[in-house]
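*Asks:* So the chains spell out like this:
There are 2 protein chains.
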Amino acid sequence: MSGASAADARVVAMMTSPLEPEHVERIRSAFPDRLELIYRPDLMPAIRYVADHGDPDWRRDPAQEREWHRLLHRAEILFDFPQHERYPLLDLAPKLRWVQTTSAGAGPLVKRLGLQDADLIVTTASGIHAQPLAEFVFAALLFHTKELGRLQNEQRMHQWNRFAGVELVGQTMAIIGPGRIGREIGRIARAFRMRVVAMGRDSNPTRAETLGVDRLYGRGELHEMLREADCLVVCAPLTPETEDLLGEAELAALKPGAVFVNVGRGAIVDDDALLCGLRDSRIAFAALDVFREEPLPPDSPFWDTPNVLINPHSASTVVTENAKIAELFVRNLGHYLAGELGQLAPVLDKHLLY
Amino acid sequence: MSGASAADARVVAMMTSPLEPEHVERIRSAFPDRLELIYRPDLMPAIRYVADHGDPDWRRDPAQEREWHRLLHRAEILFDFPQHERYPLLDLAPKLRWVQTTSAGAGPLVKRLGLQDADLIVTTASGIHAQPLAEFVFAALLFHTKELGRLQNEQRMHQWNRFAGVELVGQTMAIIGPGRIGREIGRIARAFRMRVVAMGRDSNPTRAETLGVDRLYGRGELHEMLREADCLVVCAPLTPETEDLLGEAELAALKPGAVFVNVGRGAIVDDDALLCGLRDSRIAFAALDVFREEPLPPDSPFWDTPNVLINPHSASTVVTENAKIAELFVRNLGHYLAGELGQLAPVLDKHLLY
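In the order they appear, the protein sequences are chains A and B.
All the letters of the first sequence, read from the start, carry residue numbers 3 to 356 under the numbering used here.
All the letters of the second sequence, read from the start, carry residue numbers 3 to 356 under the numbering used here.
It is worth saying that the hints were derived from the structure and are not from the lab.
There are no misleading hints in this set.
Note that the list lumps identical chains together, so a pair holds whenever it fits in one copy or between two copies.
Quick list of in silico lysine to any residue cross-link-like pairs, SDA-like style, CA-CA up to 25 Å:
id, residue 1, residue 2
1, Lys326, Glu149
2, Lys97, Gly336
3, Lys326, Asn163
4, Lys326, Thr174
Bound conformation, chain A alone (with noise of 0.2 Å):
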């Protein structure tokens, strides 16, 4: 199964991300003599910040860019899909046969990259996010919950004014996406005593109780879980079934006063639906990790709009995520490694996209 060339019986492994060098060292020492590791930072943008994946806007030069492919060239396995390139993945790659993802969201770019039918087995880090994902949730509906903003005016102006408050106890929580992230969410959401429901495929009860909510409703009956919804969240990837899901008739259904958090992919909402219903506040608050359109503009009405919490698509980013990335790579490359193709996990589904 290895690739390699003649001389040397390892098999080829790419960074195409940065990375930062104490995790570089984990993967490379693991396996010394079956892995060789090509990791090149002279030939990627430079990490800005811990957990950062580098600036989109960076491009090698033309003698930096013919090294790249060279090495492109003789790897098997990808730490990444490479960015920007202009010429189909498996031109540059012909050997490559898996690509570990530093994202959970990998389902678009396969698409883009023509990769849905190629032989070629994509890993994601799909499950790194759930936990930083989960606890951005509930920091968002908590701050609206207990009112935190309030709270800090009246601070301001030296104000002890009691009042009764609301509780999560009780409330209805809706899922939209209850893969890994939304079941740590749901998991969280049942230890404060909510109710949690989630949209699915269908509505099965025996899945119901797999996933650990009260409810699962099928697509055919979204409209009905957004009316009992205290809270919606949406942690589904953006796939053609969840592109444009919540248009303006959904966002209309949900259950008026609800609070809404978006940590999936922005073209899942319908934008200007989303506004007015903040506006005449049906939607009480909204928490958006994530856009249409990233960075979100400078001229975005949803800056400015008061009862809207924005995250820059950072709300999965942990100081620990590289950590986990590199323990995962680790697990799967001795899988790879040992001929165990059916224990690299999680794989990702190249036509559902998830």
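Assemble the complex: chain A is given as a structure, and chain B must be docked to it using the hints.
*Replies:* Chain B in isolation, oriented as in the chain A frame:
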């Protein structure tokens, strides 16, 4: 066991703090033939907001006071301790057998009223406030950990700055006061995959397991616990053992960069030491629901300390509170009227004061 007059065999219970009419009706209608419920809103401060217990500065005029004392004289059961009485409670209410309070922290009041050795049962509302207090603790902790204050500032400036954040997972939460409230907080912390430790009377592995904490420190090990706390939560009642528990030495022992949350009582912590720790950021953030002097004086330095979040002692107050307290009172009334005094719960230990 009834102390009612010959003309009316019903037990006399009297409300001494205001409660919404629907909850009074719920109590009155539960035992119409066994209970005479005295509820005189004209002799009590008005309710200013849902779950308010009335303006503490309100006073009865002399005629109202005479009527009030005439009624107290008949009462065998009180719903709340009457406030601002100039005579010993058992002189005013010689038939009194049982007081149901509307707060959890009734201990100091029982001591002040000189009732520690009285033949009187005191049941509290302990447990009623566990869930809303736990929600506030995590609202505050996640507000800090997920940097929502900075995100709000960058949003105001339309700035999209991606960053790597911090996670709760793996952090250690230390709880002072592992009662009903502390256990609820610890349970949710574990759902967030935090390590949970607590300080109890002694370090007992069996009791640690019962409480659901990873380690239970004894009182003599407080500094040891503080050194490993990423987040210190105080949810203890004010007792001789907790008063001034956290002084300069204790706050200096806290792990640098720790978060401090106080939903217990203000007099448990030294204000100057806390302010000092916050100013030099050894304590990264504090969320305070309780203070030595309440309302917090307008010139208190806490108001303008930037890494402090103030809640006007309302973290436990939720719109459903009085319904829950009314149900608790009804449940206890059922036991009392059936002579099942051992079933009354939760009973205040008049010497431990919680």
